[in-house]
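Trainee: Sequence:
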Amino acid sequence: MLILEKPFSNEIFVKINSIEKIKASPSNSTLIFEFNENLESFIFCKENNIPYGVIINDIKELIFIANLNAKYAFTDNLEKAKIFQKIAENYLLDTKIIFLADSLDEIEILVKYQIDGIKLKDKG
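Residue numbers (the UniProt record's numbering): 1 to 124.
No wet-lab data here; the hints were simulated from the structure.
Wrong hints could be hidden among the right ones.
Computed Cβ-Cβ distance ranges for the label pairs, DEER-style [claimed, not checked]: (1) GLU11 / GLU106: 16 to 22 Å; (2) ILE83 / GLU108: 18 to 24 Å; (3) GLU34 / ASN67: 14 to 20 Å; (4) SER103 / ILE43: 30 to 36 Å; (5) GLU108 / LYS23: 37 to 43 Å; (6) MET1 / ASN36: 26 to 32 Å; (7) LYS15 / ASP105: 20 to 26 Å; (8) ALA24 / LYS121: 30 to 36 Å; (9) LYS21 / LEU78: 26 to 32 Å; (10) LYS21 / ILE83: 29 to 35 Å.
Below, simulated BS3-like cross-link-like pairs (lysine-lysine); rule was C-alpha separation at most 27 Å, straight line [as the list claims (entries may be wrong)]: (11) LYS96 / LYS112; (12) LYS121 / LYS21; (13) LYS71 / LYS121; (14) LYS80 / LYS121; (15) LYS96 / LYS23; (16) LYS46 / LYS60; (17) LYS6 / LYS71; (18) LYS80 / LYS46; (19) LYS60 / LYS80; (20) LYS15 / LYS121; (21) LYS96 / LYS86; (22) LYS60 / LYS86; (23) LYS96 / LYS60; (24) LYS60 / LYS71; (25) LYS80 / LYS6; (26) LYS60 / LYS82; (27) LYS86 / LYS21; (28) LYS80 / LYS112; (29) LYS86 / LYS121; (30) LYS46 / LYS15; (31) LYS96 / LYS15; (32) LYS6 / LYS60; (33) LYS82 / LYS15; (34) LYS71 / LYS82; (35) LYS6 / LYS21; (36) LYS112 / LYS71.
We treat Cβ as the ideally placed atom computed from N, Cα and C, and that holds for glycine.
Work out the full structure, taking the sequences as your base and the hints as a guide.
Mentor: The following block contains the structure:
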């Protein structure tokens, strides 16, 4: 299981909402987007080999971002995380399913359902 928090991970996450902000983001960061039907930002990241993750709400969004090489699919809904994880395993998706948690204490629940990873929700 991935723990996308210090001291377990040094990955830097930056929340982004436009291509202009992608260009201004630190080169060593992983970008986080809210899902957008436009897909333009995700296509830009794919074409430029920029690691990114997307906060998703449904299966269609998971399939779209997985096909656009998203590194992570984020959700804060455990029931959806379980469904997304089964799909990721059945279709051998490279995209990792990451649960956005209030506390790292939720790891035990996530391990039971074999969710790929955990990241704490932004407080801001």
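Trainee: A separate judgement is required for each hint: does it hold in the structure or not?
Mentor: Cross-check of the supplied hints:
GLU11 and GLU106 have their C-beta atoms about 19 Å apart, which keeps the hinted 16 to 22 Å range intact. For ILE83 and GLU108, the hinted distance range of 18 to 24 Å is satisfied, since their beta carbons lie about 20 Å from each other. Judged by the Cβ atoms, the range 14 to 20 Å given for GLU34 and ASN67 holds: they are separated by roughly 18 Å. Hint check: SER103 to ILE43, Cβ distance near 35 Å, so the stated range 30 to 36 Å holds.
For the pair GLU108 and LYS23, the beta carbons lie near 40 Å from each other, so the given range of 37 to 43 Å is met. The supplied range of 26 to 32 Å is met by MET1 and ASN36, whose beta-carbon atoms lie about 28 Å from each other. At roughly 24 Å, the beta carbons of LYS15 and ASP105 sit within the given window of 20 to 26 Å. Restraint check, ALA24 to LYS121: a C-beta distance of roughly 24 Å breaks the suggested window 30 to 36 Å.
For LYS21 and LEU78, the Cβ-Cβ distance of about 30 Å falls inside the hinted range of 26 to 32 Å, so the restraint holds. About 30 Å separates the C-beta atoms of LYS21 and ILE83, a value consistent with the hinted range of 29 to 35 Å. Simply put, LYS96 and LYS112 have alpha-carbon atoms about 16 Å apart, close enough for the 27 Å limit, and the pair holds. Of the pairs offered as hints, the one joining LYS121 and LYS21 holds, with about 21 Å between alpha carbons and a cut-off of 27 Å not exceeded.
Restraint check: the Cα-Cα separation between LYS71 and LYS121 comes to about 18 Å, which is no more than 27 Å; the hinted pair holds. For the given pair, LYS80 sits about 16 Å from LYS121 by alpha-carbon distance, which is consistent with the 27 Å threshold. Taken as a hint, the LYS96 and LYS23 pair is honoured in the structure, with Cα atoms around 24 Å apart against an allowance of 27 Å. A hinted pair counts as satisfied when its Cα atoms are at most 27 Å apart, and LYS46 with LYS60 qualifies at roughly 18 Å.
About 19 Å separates the Cα atoms of LYS6 and LYS71, which keeps this hinted pair within 27 Å; it holds. Only pairs whose Cα atoms come within 27 Å are accepted, and LYS80 paired with LYS46 is accepted, the gap being roughly 25 Å. Restraint check for LYS60 and LYS80: satisfied, since their Cα atoms lie roughly 12 Å apart, inside the 27 Å limit. As the CA atoms of LYS15 and LYS121 are separated by approximately 12 Å, the hinted pair is consistent with the 27 Å bound.
Of the pairs offered as hints, the one joining LYS96 and LYS86 holds, with about 11 Å between alpha carbons and a cut-off of 27 Å not exceeded. The hinted pair formed by LYS60 and LYS86 meets the criterion: a straight-line CA distance of about 14 Å does not exceed 27 Å. Of the supplied pair hints, the one linking LYS96 and LYS60 holds, its CA atoms being roughly 16 Å apart against a limit of 27 Å. Simply put, LYS60 and LYS71 have alpha-carbon atoms about 16 Å apart, close enough for the 27 Å limit, and the pair holds.
Taking the CA atoms of LYS80 and LYS6, the gap is near 26 Å; set against the 27 Å cutoff, the hint holds. Under the criterion of a C-alpha separation no larger than 27 Å, the hint pairing LYS60 with LYS82 is consistent with the structure, at around 15 Å. Of the supplied pair hints, the one linking LYS86 and LYS21 is violated, its CA atoms being roughly 33 Å apart against a limit of 27 Å. Restraint check for LYS80 and LYS112: satisfied, since their Cα atoms lie roughly 15 Å apart, inside the 27 Å limit.
Between LYS86 and LYS121, the direct Cα distance comes to roughly 23 Å. Compliance with the 27 Å bound is thereby established for this hinted pair. Note on LYS46 and LYS15: the hinted pairing holds, with a Cα-Cα distance of about 17 Å set against a maximum of 27 Å. For the given pair, LYS96 sits about 18 Å from LYS15 by alpha-carbon distance, which is consistent with the 27 Å threshold. For the suggested pair LYS6 and LYS60, the alpha carbons sit about 31 Å apart, so the restraint of at most 27 Å is broken.
For the hint linking LYS82 to LYS15, the alpha-carbon distance of about 24 Å falls within 27 Å, and the restraint holds. About 18 Å separates the Cα atoms of LYS71 and LYS82, which keeps this hinted pair within 27 Å; it holds. For the suggested pair LYS6 and LYS21, the alpha carbons sit about 24 Å apart, so the restraint of at most 27 Å is met. A hinted pair counts as satisfied when its Cα atoms are at most 27 Å apart, and LYS112 with LYS71 qualifies at roughly 22 Å.
In summary, the structure is inconsistent with hints 8, 27, 32 from the numbered list given earlier, while agreeing with the others.
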